[in-house]
Each structure stands twice: as structure tokens, then as C-alpha cells.
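Engineer: Here's the letter readout for the chains.
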Amino acid sequence: MSHFISKTAILGLLLLLACGDFTVTNERPTFAELTPPEQTVVDRVLTELRSFNQQVENYTDYSVSSIINREKIDVSFKEFILVANLGDQTVHISAWENLSQKQRDLIKTWFNAINAEEARQYYEFFFYRFFVVGQGAKQFMYESSSVGWVYANRSLYAVERDSTQLSLTYFQNDGTAMALINRGCEQVRRRYDATYRSGFELKRPNADQYFLDNARSLLDPKAPTGYMYYVCGWIKRGMGLLDTMDGELDWLGGLSKD
Amino acid sequence: MRRFGLPLGIAIAITIVPTAHAQNAAPAPIARPSRPFVRGAPLPALAPSAANSVVRPARSFGPSTPPPVAIPAPPPAPLPPVATNPLPTVATNPLPVPAPILTPGTVARPSHSRFPQTPVPKVPRPAARPRRPRPVETQDGPVIVERLDPFAEPEDQPSSGPFRFAVSFGGSSLLVDPDMEAGMGGGVELGAWLTRRIGLELAVFGSENPYRQGLGDTGIAFWAVNTTLGPTFRLTSPSSDWLLSLDAVFGGYLVIHPLQESTWTTGVGGGFTLGKQLTGWLSVGIRVRYHVFNMSRVSGPEIIDIKALRPVAMVDRLEVPAYVAFHF
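Chain order of the listed sequences is A and P. Number 52 in the working numbering belongs to position 52 of the first sequence; there are no gaps in the numbering. In the working numbering, each residue's number is its place in the second sequence (first place is 1) plus 1000.
Don't take every hint at face value.
Reference excerpt, derived from the structure (chain P facing chain A, CB under 7 Å, subset only) [to be verified]: (1) Asp1179; (2) Glu1181; (3) Asp1217; (4) Thr1218; (5) Phe1222; (6) Glu1261; (7) Glu1302; (8) Asp1305; (9) Ala1308; (10) Leu1309; (11) Arg1310; (12) Val1315.
Some chain P residues well away from chain A (every beta-carbon gap over 12 Å; in silico) [what the hints assert, rightly or not]: (13) Arg1125; (14) Thr1227; (15) Phe1293; (16) Met1314.
Keep in mind that the hints were calculated from the coordinates and are not lab data. Ideal Cβ placement from N, Cα and C applies to all residues, glycine included.
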């Protein structure tokens, strides 16, 4: 009996070792492996990034061309509402097609959209354009100040707020975009004021600490409602602080030189 | 009755034989000297029966006889040691005190008799005779093979107390993951030997593994803390200053994610411990543990990797910490 148990245990262990890949990082699929809707999203993201990079190269000595590459845009993950640029030369953007129905309903609720199509229009503007420029702004910070410096010297609150401000500055002369921003964010703020306003109204550095402490719930990739409220709050504040792209890039690029 | 006939017969024989032997070996009964009545002749001295006994002068009808003289009684002969003399001493003991019949290894009970009890020292048991190795038949004839006893000898005392508290610190590696660097970790451990060879240990060990390449610049690391319980099997002798044991663990593994809430998963592990006992209460050594975790989720969200934002399957980790243990 004991012989049988030990034999089974060894076989089970070998099977376990043979089946697992035992990694905490997965390889992303290549552009060719993506579905056609995902490839379309990648192309739309790259178009926006190219346009943003043109202004970066015009006004500064830096470039964000390192992420303007089909293999550097990650849209393949499922059921996460996420935009991120962690500094590893990759931009993560959720594709509408990869969201769950529950998440699509949540987005409809955010913007108080009358139907799924309107929710989709809001989503595509914010996630395929506005937040993409925000990720380009982060890449500009990484290029001008280095990834290590940004993580060591800038709070998560400051990085997200500054990238939102640069994105707002980028779209300030686009009437259609500004109409979507104003209308969409008005709905978000009105609906979630009671939940998030007290935290958002904190003065810095308390606001930085609060954002960091609650980042996992605010940025919850299943339902990042808190993050969306903060973005709309920063947009409202940023409307009164709008600068030119030249001035904004100059300020952001000079942070590590002070 | 028939079943017990033979043993009973042997018991009777054993009981009887010494008695008969004692009767044979006993000195001949003291013959009463003949007392020829010789007028005026002194009577022969009788064997003293007790100290200070006085021989009564013989009554004579002739010339006066010398005054009676007290004959000092010789000291009584010492009793033969009971332990070595299996014979009953009653027959040869001139004293009226019956000596207790004792067998080796017994101690005389306190007697309620008015006679003094003879103290009998406890005789230690003789050491066990070493077991003779059994010859084994081989092609070259019978060969005596010394058989190694894998279990402890009776005099094999443990070199330390049964409980220990250890603090460990050392390296950890996720082995096959190309995006992860080797990291460092530390922990504490409580252990107890349940038997001479089998113990139980409760350990908490946390380790940090930084990311490599682009994510490495961010300073983000993969954190995992395992809280495990498992048996330990000691391979070396408990009396040895060196410890080599095989260990198995299972328990809860906490993954602290930079983007998500922390997740508790289950896992198993195993390895060995090599240690050296420095004093009775202090030892040092190294521990090698291989863990497989995220086998099932206990609480928290599904773990996603921050490179491709996809669910993480089972994860393995090798820990090689050095430890300092305190025994009590």
C-alpha cells in the first residue's frame, strides 16, 4: 500500500512538473497572431501615437518612437479595462471586443450612455485616443527622465495626473474631442461624486498617499471606476491650467533637471 | 491443567533442587559431645551459642574446682552475601534472626519484625551482551556482515533540545522564468522533533524577485510569502552534531501583486536541510526548498502577470537560505 502511495506521489509530481510552465510572465502574442478587431485597435493606437510623437519631436529633443511598433502595443488580454505603460516599452490598451458584457454595461453606466453603441463611442475615444496620448506622455517622461528616476521620484498620483494634463493639452484644439471629454466626464463626476470626491479633494501630499494606498481598488482592472473618476477630476481642474504643447512638454521634460 | 503441567513441574524442580543441595552442603549437625562422667575433670567446653554465654561449672563432689571463668564468645561469623549465595541461610545462621530470602536485584522491604533487617544492596543489571553478527552465505563461503542499525542505539542521546526557532535569510529563484532575476528573502521557522527521527516544522518565508529587462528598471518586484507546515525526516543520528534531513511542506502561499489585491494560493514543496550543531542550543546551516504554488486560489483575484496581463499558471521557486537556529 505504502509502495503504491509513494509511486503515485512520484508520478503525480512528475506530471505536475511536466505540465506547468512555472512562470510569472507570459509571452505576448505577435501582431500576426491577433484577431482582426485587435489588429484594427493596434493600428488606431499607432496612428494616435505617431501624431503625438510628431509634436514631441517638434518641441523637444526626445522621441517616443520606441513604442511606435506593432509588437509594442498589447491589446490581446481579455476582460480587463486597463491602460498602462509601466516603462517596459509596451503600451497596454483594452480592446472593446475583449471586454465582458458586464464591463461594457459598466462603461455604459459611467457615461450614462443611452445604448451600447454610444457607450462604445465614448470608450473608443477615451481608450483609443485620450488615454493613448496619456501613455505616450508617460513614455516621454521615461525618455526624458529615465524609468528609474520616474519610479523613484514621482508619485503614481503625479504621473497619472501629469499624463492626463498633457493629453488634455494635446486635444484642447479638437472641438469634437473636447465635446466628448466634457460630456462624458460630466456624467462620470455626477454619478460617482458621493463615492470618490472626499478622497479626490485631499491636498497633496495626502492625495498622493491616498491614491497609492487605494490604487488597487481605484485601478482594479475588472472595474476601474475610481480611476475614471480621478481622470475626470483632473480634467476639470486642468481646464483652468491649460498651456501650449510646447510649454507642457518643456515643463514635464525638465522635471529631472531641476 | 495439562497445559501448565510441564512449566509447573520445572518450577517445582527449580524450587526443590536448591533446597536439596542446601541440605547436602550443610555442615553435619553438631554432635553433642559425649559426657563421660569423670569426677573432678572439667567439662568440655560447649560450642557457644551466644555471646557472653557462661558455662555453668560442673558440680563436683571432690576437691574444689577452679572458679568459673567467663569464656568470651567469638564474634559471629559474617553472613555470606545473599546475592551470591542462593542457598537459604537459615540453616547455617547461628543467630536466631532469620535472614530474608532475597533474589538478586530486589531490595529488602522494611520489616515490622523486631529483629534488625539485613540491608541488601541493589545489584545492577549486567550490560546486554552485544548481538553476534549473523554470517551470510556467499559464493566465497559464509561471511560475517555487520548490519547497520538505522535506528538509534539506547545510549544515542540527541545533541540538542526537541524544539527550535530559526531565522533564515538567503537567495530565491523562480528558475525557469526568463524575465525574473534571482532575489533575496528571509523568514522564521518553528520546529519540533516528535520522535527521534521525525519532526514537524512551521515556516514563514518571504522573497522578492525583481523583474529583468524593461520592467527591471521600474523597481517592481514579484513578492511571494509562503506559510507552510510539514514533516521533517532526520537522516543523521540524533546524537550527531551534523543534521541532514529531508523536508516536505504544504500550505498557503501569498502573492503580493503590484497592480492587484494580494492573492492567497495553495502550494507544496520539499527539500533538505544541512546543519551543524555548534552548542547544545545553537546551530547553523543551509536549507534548500523547492516550491510549487498557485495550484489553487484560496482568496483574492486571479493572479495576472504584469508583462502580458494574462493569468499566471503554477509558479515554482527555489529557496536556498542560510539559517541560525536556537534549540530548547
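Engineer: Now, for every hint given, state plainly whether the structure supports it.
Structural biologist: These are the hints, each one checked on the structure:
1. The restraint placing aspartate 1179 (chain P) at the interface with chain A holds, with a minimum CB-CB distance near 4 Å, inside the 7 Å limit.
2. Interface restraint check: glutamate 1181 (chain P) against chain A, minimum CB-CB distance 12 Å, threshold 7 Å, status violated.
3. Interface restraint check: aspartate 1217 (chain P) against chain A, minimum CB-CB distance 4 Å, threshold 7 Å, status holds.
4. A distance limit of 7 Å between C-beta atoms decides the matter here; for threonine 1218 (chain P) the minimum to chain A is near 5 Å, and the interface restraint holds.
5. Taking 7 Å as the C-beta contact cut-off toward chain A, the hint placing phenylalanine 1222 (chain P) at the interface holds, the least distance being around 5 Å.
6. Proximity of glutamate 1261 (chain P) to chain A holds as hinted, the smallest CB-CB distance being about 5 Å (cut-off 7 Å).
7. Checking glutamate 1302 (chain P) against chain A by beta carbon gives a least distance of about 10 Å; that is not within 7 Å, so the hint is violated.
8. Below 7 Å, beta-carbon pairs count as interface contacts, and aspartate 1305 (chain P) has one with chain A at about 5 Å; its hint therefore holds.
9. The restraint placing alanine 1308 (chain P) at the interface with chain A holds, with a minimum CB-CB distance near 4 Å, inside the 7 Å limit.
10. At a threshold of 7 Å, the smallest CB-CB gap from leucine 1309 (chain P) to chain A is about 4 Å, leaving the interface hint in force.
11. For arginine 1310 (chain P), the interface hint holds, since its Cβ comes within 7 Å of a Cβ in chain A; the closest pair sits about 4 Å apart.
12. Given hint, valine 1315 (chain P) at the interface with chain A, holds; its Cβ is 6 Å from that chain's nearest Cβ, closer than 7 Å.
13. Distance check for arginine 1125 (chain P) against chain A: the nearest CB is about 38 Å away, which clears 12 Å, and the non-interface claim stands.
14. With a minimum CB-CB distance of about 19 Å to chain A, threonine 1227 (chain P) clears the 12 Å threshold, and the non-interface call stands.
15. Its closest Cβ contact with chain A, about 10 Å, brings phenylalanine 1293 (chain P) to no more than 12 Å, contrary to its assignment away from the interface.
16. With a least CB separation of 4 Å from chain A, methionine 1314 (chain P) falls inside the 12 Å interface cut-off, contrary to its annotation.
The earlier numbered hints that this structure contradicts are 2, 7, 15, 16.
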